[in-house]
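Q: With the sequences and hints as input, model every part of the structure.
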Amino acid sequence: MTTLSMQLRDVAKTFGAVRAVDGLDLDVPEGACVGLLGPNGAGKSTTMKMLTAQAIPDRGTITVLGYELPGESKSARAQMGVVPQQDNLDTTLTVQQNLTVFTYLYRIPRAERQEAIERALALANLADRRDTRVDKLSGGMRRRLLIARALVHRPRLVLMDEPTVGLDPQVRQEIWALIDGLRAEGVSILMSTHYIEEAERLADRVTIMSHGKVVAEGPPPDLVREHAGAEAVEVYGPPARLAEVEADMRAAGLATRRTGTSVAVLRLNGSAPDGERRPANLEDVFVLLTGEEIA
Amino acid sequence: MTAIRARRLGRLERPALTGVLVREIINFSSYWRSIVFSSTVEPTIYLLAFGFGFGALVTQVDGLDYIEFVGTGTVATAVMFSSVFATMFGTFVKREFQHTYDAILAAPVDAEELVTAEVLWIAMRASVFGSVPLLVAMGFGLDPTWGMLTVPFIGFITGFGWAAFGVLIAAVLKSIDHFSYVTSIVITPAFLVAGTYFPLDELPRWAQVLGQFNPLYHCVQLVRGASFGWQGFWVDLYHVGALLLFGLLAWRAAIVRTEKRLIT
Chain A
1312 MTTLSMQLRD
1322 VAKTFGAVRA
1332 VDGLDLDVPE
1342 GACVGLLGPN
1352 GAGKSTTMKM
1362 LTAQAIPDRG
1372 TITVLGYELP
1382 GESKSARAQM
1392 GVVPQQDNLD
1402 TTLTVQQNLT
1412 VFTYLYRIPR
1422 AERQEAIERA
1432 LALANLADRR
1442 DTRVDKLSGG
1452 MRRRLLIARA
1462 LVHRPRLVLM
1472 DEPTVGLDPQ
1482 VRQEIWALID
1492 GLRAEGVSIL
1502 MSTHYIEEAE
1512 RLADRVTIMS
1522 HGKVVAEGPP
1532 PDLVREHAGA
1542 EAVEVYGPPA
1552 RLAEVEADMR
1562 AAGLATRRTG
1572 TSVAVLRLNG
1582 SAPDGERRPA
1592 NLEDVFVLLT
1602 GEEIA
Chain B
987 MTAIRARRLG
997 RLERPALTGV
1007 LVREIINFSS
1017 YWRSIVFSST
1027 VEPTIYLLAF
1037 GFGFGALVTQ
1047 VDGLDYIEFV
1057 GTGTVATAVM
1067 FSSVFATMFG
1077 TFVKREFQHT
1087 YDAILAAPVD
1097 AEELVTAEVL
1107 WIAMRASVFG
1117 SVPLLVAMGF
1127 GLDPTWGMLT
1137 VPFIGFITGF
1147 GWAAFGVLIA
1157 AVLKSIDHFS
1167 YVTSIVITPA
1177 FLVAGTYFPL
1187 DELPRWAQVL
1197 GQFNPLYHCV
1207 QLVRGASFGW
1217 QGFWVDLYHV
1227 GALLLFGLLA
1237 WRAAIVRTEK
1247 RLIT
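Just so you know, the protein sequences line up as chains A and B, in that order.
Once you know that position 39 of the first sequence is 1350 in our numbering, the rest is easy, because the numbers rise by one and skip nothing.
Once you know that position 232 of the second sequence is 1218 in our numbering, the rest is easy, because the numbers rise by one and skip nothing.
Derived from the structure by calculation, the hints contain no laboratory data.
Just so you know, these numbers come straight off a predicted model, no measurement behind them.
In this text, a Cβ means the ideal position worked out from N, Cα and C, and glycines have one as well.
Some hints here could point you the wrong way.
[Said to hold, decoys possible] Derived lysine to aspartate or glutamate pairs resembling DMTMM-like cross-links, with alpha carbons at most 25 Å apart:
(1) 1160(B) <-> 1511(A)
(2) 1246(B) <-> 1333(A)
(3) 1160(B) <-> 1048(B)
(4) 1160(B) <-> 1333(A)
(5) 1447(A) <-> 1188(B)
(6) 1447(A) <-> 1129(B)
(7) 1524(A) <-> 1333(A)
(8) 1524(A) <-> 1338(A)
(9) 1246(B) <-> 1379(A)
(10) 1524(A) <-> 1511(A)
[Unchecked claim] Chain A stretches covered by chain B per the calculated footprint, using a threshold of three residues with CB under 8 Å from any CB of chain B:
(11) 1361-1368
(12) 1378-1389
(13) 1418-1428
A: Structure representation (structure tokens):
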């Protein structure tokens, strides 16, 4: 049996009439990177908040690094790093000062503080920016610092809430390289994202959430094979033609999803319409399972 | 599940308080100039304005020279202003706009430790900034006494209470715009009906009674006692006790309400 860094069982959280999380089961095996995927409002952020005990579940059990939450959350937090979605660096302080503050908050012994800061600076590739004030950094550098800040104490588990939201593609791949490096070191990672490509590239397993529940869970290639099949055919045409293709294919027992400009036909079983063939991907699964309408 | 089971972490731990304090101290290094400026210039203006304005009309108040009366009164107002406003605005901004508290609570720090450290820090600052007017007043002719060495301590316990009160207000109110209600209803009256610039004896009876519930009144009494002769053990103890009680109640209430605001 693999050991787990994190285990959630039947976790629920309601805000007024809104069931933000509704019976969630989630595992993060030790050393794995798990992607938590879902459209906006699926309950990803609430889940993240419950893992640091900033939200208290109405029911269910949460175990993080062997500690029961919320009662033992402080002990769990001491060994965990958190990269928030919202930048909350101290903007009038320098890069190094921001890291120094967190070496204290994470209780790094005095003798090891400087080394921890140097390691975090190197990891985030910010060593030559150590004396720059945060408000003078680019968006990508700030995000790297936000990640480095969560790693000063060498956590065994890192939570990342939408680590690349709002970043340029170039900056995004920089962050991906950083996360991949952590993975290689054996750090367990839970990463919430709504960028499918991010999950596909980085996550060993993904959990797809919708309306507070898990709708699918597993390694991305398995999910694609199981829910979308090996290949997809994209049919282009005017809207009326797309609607027609959609109706025909569904009648024939195939799954379809809109891409905006085309209809992608999935779960091909020998019969396939004319169109562009391509390998099925995680985005197909995501849209199939979480629905096409925008909430 | 594997857990390298460290000792289960408890409440009000020193490393957690230190962490939050270090954050404040490092931040202070980036803005201390403006604070030191205002904390020196403001009492100077008060002393000049009241000293020359009223001082020309009144020479003695309550058996004290007016400069002695106003100099010590300004200590109390400086303590209150540098504590209550710092935490009202500071904690609101850190929670709602800068999201600093989300970052701190993700580390092994609880809301209780967060509030306590913030209040301690501001109380320390208030103790220093509250003592500045005394130095300024010396420049205007206030005679130094040994008892004045206790003024930073009086400033600390008063500042602790008002800082906690400010945290409480920031945790209770939904919008920063509503702070002006608290300023008008609580802070301005507290600042005036405390024997800071005129003695309470001249006020109607009800205002005098109300004054006993004003922490700042007790602060003023202690500062005057420290500077010009204590009023007797039990009287002084009564004033210290009132300030400690205010501090204790405001501190616990600030923790409860902040926790409610930060943890859903």
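Q: Each of the hints needs a verdict: does it hold here or not?
A: Going through the hints against the structure:
no. : hint                : result
1   : 1160(B) <-> 1511(A) : 41 Å, violated
2   : 1246(B) <-> 1333(A) : 23 Å, holds
3   : 1160(B) <-> 1048(B) : 43 Å, violated
4   : 1160(B) <-> 1333(A) : 29 Å, violated
5   : 1447(A) <-> 1188(B) : 57 Å, violated
6   : 1447(A) <-> 1129(B) : 49 Å, violated
7   : 1524(A) <-> 1333(A) : 6 Å, holds
8   : 1524(A) <-> 1338(A) : 14 Å, holds
9   : 1246(B) <-> 1379(A) : 21 Å, holds
10  : 1524(A) <-> 1511(A) : 20 Å, holds
11  : 1361-1368           : holds (count 5)
12  : 1378-1389           : holds (count 6)
13  : 1418-1428           : violated (count 1)
When each numbered hint is compared with the structure, violations occur for hints 1, 3, 4, 5, 6, 13.
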